[in-house]
Each structure stands twice: as C-alpha cells, then as structure tokens.
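K.L.:
Sequence:
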Amino acid sequence: MSAPLLQLDKVEVTYHRVITAVQGISLAVPAGAIVALLGTNGAGKTTTLRAISGFIGLDDARISDGAITFRGGRIDNRDPQQTTALGIALVPERSKVFENLTVEENLAAVVPRRGASRSLADAAWEYFPALARLRRREAGYLSGGERQMLAIGAALMGDPKLLLIDELSLGLAPLVVQEIFRSIRAANAAGTSILLVEQNARYALETASRGYVLQTGSIIAAGPCAELKQDERVKEAYLGRK
705 MSAPLLQLDK VEVTYHRVIT AVQGISLAVP AGAIVALLGT NGAGKTTTLR
755 AISGFIGLDD ARISDGAITF RGGRIDNRDP QQTTALGIAL VPERSKVFEN
805 LTVEENLAAV VPRRGASRSL ADAAWEYFPA LARLRRREAG YLSGGERQML
855 AIGAALMGDP KLLLIDELSL GLAPLVVQEI FRSIRAANAA GTSILLVEQN
905 ARYALETASR GYVLQTGSII AAGPCAELKQ DERVKEAYLG RK
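All letters in the sequence shown, in the order written, are residues 705 to 946 by my numbering.
Simulated from the structure, these hints should not be mistaken for laboratory data. Given the structure is predicted, the values throughout are model-derived calculations rather than measurements. There could be a bad hint or two in this list.
Calculated cross-link-like contacts (lysine to aspartate or glutamate; reagent style DMTMM-like; alpha-carbon spacing at most 20 Å) [as the list claims (entries may be wrong)]:
{"id": "1", "residue 1": "Lys865", "residue 2": "Asp826"}
{"id": "2", "residue 1": "Lys865", "residue 2": "Asp783"}
{"id": "3", "residue 1": "Lys714", "residue 2": "Asp769"}
{"id": "4", "residue 1": "Lys865", "residue 2": "Glu830"}
{"id": "5", "residue 1": "Lys865", "residue 2": "Glu842"}
{"id": "6", "residue 1": "Lys939", "residue 2": "Glu910"}
Across the chosen pairs, the derived CB separations fall in these ranges [to be verified]:
{"id": "7", "residue 1": "Leu879", "residue 2": "Ser799", "range": "37 to 47 Å"}
{"id": "8", "residue 1": "Asn745", "residue 2": "Pro928", "range": "17 to 27 Å"}
{"id": "9", "residue 1": "Phe802", "residue 2": "Gly777", "range": "36 to 46 Å"}
Backbone N, C-alpha and C fix where the C-beta goes; we use that ideal spot for every residue, glycine too.
I would like the entire structure built from these sequences, with the hints used as guidance.
P.N.:
Okay, here's the thing in structure tokens:
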C-alpha cells in the first residue's frame, strides 16, 4: 500500500507556549481523495489546517509534538511559502480575496508553483462559470458565495497537489453551497486532493470518501464516510437522529 499524500501523526499544537489546542491527532489524506474534518466551533479544525499549511506561526503557535509528512517529507513548522511551493494551498475561513482588485486581477495575482503540471489560464472559469461574467467587478462587491468561488478558484490557479478549505459553506445559501461542492468534486476529479473543514456534515459526508471528527482538540471518530453516517456520536451531534 502506498503512503498517503498527507499524514499527521500524533500532532500537538501549542499557542503562546502554554495553551494546547490540538492534542495528539492523527489523520491521513490519500492521493486523489477528498477527506472531511468535522467538528463544532473551537474543536481545533482551523488550527489543524493552519498547522499543515504553516500559517500557524503567525498566531504565535507551533507544532510542539508529533509529525506532519507531505509527499514523503516532513513539513511540520515549515513557513507558509515553503508549504505552498511544495504544493499545498489553503483557502481560509476569512480574508479570502483582495477586495480592491477585480476578479480577473485576483486570479492574475496568483503565481503558479514551480513545475505546475497543466494549463491554468482558464481553470477558475471552468470550475466556476458564474465568475466569468464578473471578471471586471471588484472583489469587494461580490456576494459571500462569489467570494468563496473566487478564493477557491485562485487557490486552484496555483495548481496545488493538496487543497485545504476552511468552512466552505459558512454563511452561504444552500443553492450556492451545492454549486461550490459540485466544483470541488470536479477539481478533485481533475487530480487535486482535498482536506475539507466543514460544519455542514451532510454535505461533507456526501462529498468526501473518508472523514474525521474533532472534539476539543482530539479525534473522537474516524472512518469511511458511509460508516460515519451511522456512528451514533456523529448522528447525535451533526446529523440528527432519524
């Protein structure tokens, strides 16, 4: 069996050298997969993504134990520019776009990583056709859903091997969420592996092949999404008993 694209092994994250936010979590993202990371507010989901991407250092935090491996090499406590160059892109929960630039300018600002394997010029328009008619609109005038599309489209313009998405559906209308999830599946089918942090468990478990559930910084459930849908803890907390 080949090694996963991304592997977290008993990772612990500490803020300000004293506050432990993530406690010994282990998870894996196989190449070509969509993996969901579920949890309530404060569970440690965003911290986990920022630890993988390297942005955690901006929060006076660091990985204090365990290991993160990407494509066979250790990346724990790397700088964001280093992880980006390796092929990891993060779409954060907030501050997604340059508001004073147009949609087209936001996309043009992305520098593809070295060795990008495919033509990226029209990638965003292909995945998010709704953005095409908004090319010359300033991003500050976009709706929440349009900003999310632009942020994901810009991330994909960098041709990442692994896309990290924080709270894809937060605050968006159901029809917009459905459209974005369709685009995520299309990007995955084209070869991008995805680790998805999501509060909407129904959408996440229908989209991903495998999932993990975080609670107060620890993994409490993990497995194929079909099995997680039947897990009593997941049903109680996220799906409702039916």
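K.L.:
Leu879 and Ser799, beta-carbon distance inside 37 to 47 Å?
P.N.:
violated, 25 Å
K.L.:
Could you grab the alpha-carbon distance between Lys865 and Asp826 and see if it respects the 20 Å cut-off?
P.N.:
holds, 18 Å
K.L.:
Is the straight-line distance between the alpha-carbon of Lys865 and that of Asp783 20 Å or less?
P.N.:
Holds, at roughly 17 Å.
K.L.:
Hint says 36 to 46 Å; check whether the CB-CB distance for Phe802 and Gly777 agrees.
P.N.:
violated, 31 Å
K.L.:
Tell me if the straight-line CA distance from Lys939 to Glu910 falls inside 20 Å.
P.N.:
Holds: Lys939 and Glu910 sit about 14 Å apart, inside 20 Å.
K.L.:
Does the alpha-carbon distance linking Lys714 and Asp769 stay inside the 20 Å limit?
P.N.:
holds, 7 Å
K.L.:
Is the straight-line distance between the alpha-carbon of Lys865 and that of Glu830 20 Å or less?
P.N.:
The hint holds at about 18 Å.
K.L.:
Do the alpha carbons of Lys865 and Glu842 lie within 20 Å of each other, as the hint requires?
P.N.:
Status violated; Cα separation ~29 Å.
K.L.:
Given the hint of 17 to 27 Å, is the C-beta distance from Asn745 to Pro928 inside that range or not?
P.N.:
holds, 26 Å
In the structure shown, a violation is registered for the earlier hints numbered 5, 7 and 9, in ascending order.
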